[in-house]
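Colleague: This is what each chain is made of:
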Amino acid sequence: MGRKRKYMLENVLYTLPALILVTMVIYIPFVMSGYYSLTEWNGIAKEPVFIGLKNFKTLFAGNTEYIKSLTFTAKYTVLFMVLSNVLALALAVALVQKIRFANLMRGMFFIPYIMSMTIVGFIWKFIFSQGFESLFAKTGWKFLEWSWLGESNLAFFAVVFVGVWQSLGFYIVLYIAGLQAVPKDVLEAATVDGAGSVTRFFKVVLPLLGPSITTCIFMSLTNAVKVFDIILAMTKGGPGGSTYSATLDIYREAFQNNNYGLGSAKALVFFVIVLVITQVVLKIMHSREVEL
Amino acid sequence: MTLQRKRQIKLVLLTVLIMIVAVIYFYPVLLMFINSVKPFGEVVLDVIKLPSKIEWSNYSYVIDKMEYGRLFLNNLMITAIGIVGIIVFASLAAYILNRRENRYTKIAHLLITTPMLIPFQTIMITLLKVMGVLNLSGSRVGLGIQYWGFGIPMAAFIYSNFMSTIPKEIDESALIDGASTLRTFRSIIFPLLKSVTFTVIVLDVMWIWNDFLLPLLMVNSSNETKTLVLSAYTFVGQFNTQWHYAMTAMVLAVLPSIVIFIFLQKYIVDGVVAGAVKG
Numbered sequence: 001m002g003r004k005r006k007y008m009l010e011n012v013l014y015t016l017p018a019l020i021l022v023t024m025v026i027y028i029p030f031v032m033s034g035y036y037s038l039t040e041w042n043g044i045a046k047e048p049v050f051i052g053l054k055n056f057k058t059l060f061a062g063n064t065e066y067i068k069s070l071t072f073t074a075k076y077t078v079l080f081m082v083l084s085n086v087l088a089l090a091l092a093v094a095l096v097q098k099i100r101f102a103n104l105m106r107g108m109f110f111i112p113y114i115m116s117m118t119i120v121g122f123i124w125k126f127i128f129s130q131g132f133e134s135l136f137a138k139t140g141w142k143f144l145e146w147s148w149l150g151e152s153n154l155a156f157f158a159v160v161f162v163g164v165w166q167s168l169g170f171y172i173v174l175y176i177a178g179l180q181a182v183p184k185d186v187l188e189a190a191t192v193d194g195a196g197s198v199t200r201f202f203k204v205v206l207p208l209l210g211p212s213i214t215t216c217i218f219m220s221l222t223n224a225v226k227v228f229d230i231i232l233a234m235t236k237g238g239p240g241g242s243t244y245s246a247t248l249d250i251y252r253e254a255f256q257n258n259n260y261g262l263g264s265a266k267a268l269v270f271f272v273i274v275l276v277i278t279q280v281v282l283k284i285m286h287s288r289e290v291e292l
Numbered sequence: 001m002t003l004q005r006k007r008q009i010k011l012v013l014l015t016v017l018i019m020i021v022a023v024i025y026f027y028p029v030l031l032m033f034i035n036s037v038k039p040f041g042e043v044v045l046d047v048i049k050l051p052s053k054i055e056w057s058n059y060s061y062v063i064d065k066m067e068y069g070r071l072f073l074n075n076l077m078i079t080a081i082g083i084v085g086i087i088v089f090a091s092l093a094a095y096i097l098n099r100r101e102n103r104y105t106k107i108a109h110l111l112i113t114t115p116m117l118i119p120f121q122t123i124m125i126t127l128l129k130v131m132g133v134l135n136l137s138g139s140r141v142g143l144g145i146q147y148w149g150f151g152i153p154m155a156a157f158i159y160s161n162f163m164s165t166i167p168k169e170i171d172e173s174a175l176i177d178g179a180s181t182l183r184t185f186r187s188i189i190f191p192l193l194k195s196v197t198f199t200v201i202v203l204d205v206m207w208i209w210n211d212f213l214l215p216l217l218m219v220n221s222s223n224e225t226k227t228l229v230l231s232a233y234t235f236v237g238q239f240n241t242q243w244h245y246a247m248t249a250m251v252l253a254v255l256p257s258i259v260i261f262i263f264l265q266k267y268i269v270d271g272v273v274a275g276a277v278k279g
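If you read the protein sequences in the order shown, they are chains A and B.
Take the first sequence: its position 214, counting from 1, is numbered 214 in the UniProt record's numbering, and each next residue is one higher.
Take the second sequence: its position 217, counting from 1, is numbered 217 in the UniProt record's numbering, and each next residue is one higher.
Some hints could be false.
To be verified - With a Cα cut of at most 20 Å, we get these calculated SDA-like pairs of lysine to any residue:
1. K10/B - A195/A
2. K226/A - F162/B
3. K226/A - T71/A
4. K138/A - D46/B
5. K98/A - K278/B
6. K98/A - V12/B
7. K4/A - F162/B
8. K278/B - F162/B
9. K6/B - G196/A
10. K4/A - K65/B
11. K65/B - V219/B
Rather than coming from a laboratory, the hints here were simulated on the basis of the structure.
Owing to the predicted nature of the structure, the values given are computational and were not obtained by experimental measurement.
With the rest of the complex left out, here is chain A (with noise of 0.2 Å):
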């Protein structure tokens, strides 16, 4: 056997395994979906009827859940940035002080994180529950009192609370690490010039946290468009399906309304938004960060 005939040999072998492994549990199945995306399928008949673009023009026409299910996504996908982002970055910056139980109390923040979503969201949807009605009859404070998984508006804030609440501990770390990565010599540089604490942090370490910035936005903004296991804990989807989101629907639609064809169809489209978006965020994130 040739050297050349034996390098290209090693070659296939070292990357064979990953490359089937890869394709049985993804490729195979992201090809079959494009095809059920054009069929009508309850699961049970035998075979799929082939509808062509049928389900796409149901979907555009104004499916009314599905487009609810989108609109709560993106809803939710901005609030739940926003906030993550900020709440970190502020809790971050008091945590990188010299205080002391420092290392304490970031581990209170992360452990929700390293917690299965799905038991989050029955912690708390308890604690809205069980837990606000104890308190509400020891304070008296009229918010307890409201119904927060009973009403559409109330569920999407507690929904997103809930969410922050479980990964924020996630991205403290990550600001944790970007905090720490600013030069010293940088910052004494701006106090000798004169800055004070805050036009410090906006002018100089806000810049200079730019990666992080960009990590923490991308990861945040992918997390969120696929939020599935709390809401499916906390309100099922509810009240009045108002808390769908286009995952859940997925779900609902193939596996409960057992219509395999329009399913597919929707997480044909899902998946073309969220490259589109992820791509489009990442290329502006990237053309924005400061070189130092």
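Chain A is already provided as a structure; the job is to place chain B on it using the hints.
Modeller: Relative to the frame of chain A, chain B by itself:
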């Protein structure tokens, strides 16, 4: 008052303030623990009050009812199988993809890492069908193998990026000394990748251990693929009026993660940060 002293006072005030925020933030987790050891009835009566006596029998009841031992074993095995496969296949592939540049490796690199852009929910409908045909939907090994496919893209990406920082001269000199490619990888490159391997382990253990959607999809296939979180989900659904049992089940589902985190906080946080920055 000197400037130094003013600074100190400010710092103490900040410490107190952030401590209060941290305690309030963490309180819901405590509430779960507190209510899991309350006798029946006390939960409904007052959630905030501490239990009048600690009711450990909640735990023995739920452990028995959920078959906790079997679930724990399921989780452990699925996670272990998943991690080992991801590390072996991703690092092997990344080695070739990073070290040898030709048309084949370029295409392979693209094919292996692109799936990072495909949300799981896009393919979940058909995944169930494909896995059924391949007979991978109803066993711990089958679920572990599925995680290989889902975990490899990101792991290979992180490995390949990191490998760029290892000088090529290191493996070239080993090859000149007559070591085979596999030997070079195993004895020289892989040990140098220790920090990345650690990052991959942290990220993927957290993901697989807590994953909910994949086990949910495969739920009807067999008892073997029932995981802790999935069973806690069904259990809480059944016991949603008996909150003391529901809380106990929830504690049992998250306790392993919390205990491990308490011991390995620094390493876990470092791994998560490294993964996000490199990924």
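Colleague: So, for every hint listed, does it hold in this structure?
Modeller: Structure-based check of all given hints:
1. At most 20 Å may separate the alpha-carbon atoms for a hinted pair to count; K10/B and A195/A meet this at roughly 19 Å.
2. The suggested pairing of K226/A with F162/B is violated, with an alpha-carbon distance near 28 Å, which exceeds 20 Å.
3. Restraint check: the Cα-Cα separation between K226/A and T71/A comes to about 13 Å, which is no more than 20 Å; the hinted pair holds.
4. For the suggested pair K138/A and D46/B, the alpha carbons sit about 10 Å apart, so the restraint of at most 20 Å is met.
5. For the proposed pair K98/A and K278/B, the alpha carbon gap of about 28 Å is over 20 Å, so the pair is violated.
6. With a CA separation close to 10 Å, the supplied pair K98/A and V12/B stays within the 20 Å bound.
7. A hinted pair counts as satisfied when its Cα atoms are at most 20 Å apart, and K4/A with F162/B does not qualify at roughly 27 Å.
8. Between the alpha carbons of K278/B and F162/B the distance comes to roughly 8 Å, so the proposed pair stays at or under 20 Å and holds.
9. Under the criterion of a C-alpha separation no larger than 20 Å, the hint pairing K6/B with G196/A is consistent with the structure, at around 15 Å.
10. Between the alpha carbons of K4/A and K65/B the distance comes to roughly 61 Å, so the proposed pair goes past 20 Å and is violated.
11. For the proposed pair K65/B and V219/B, the alpha carbon gap of about 18 Å is at most 20 Å, so the pair holds.
Figure legend: structure checked against the earlier numbered hints; hints not met, in rising order: 2, 5, 7 and 10.
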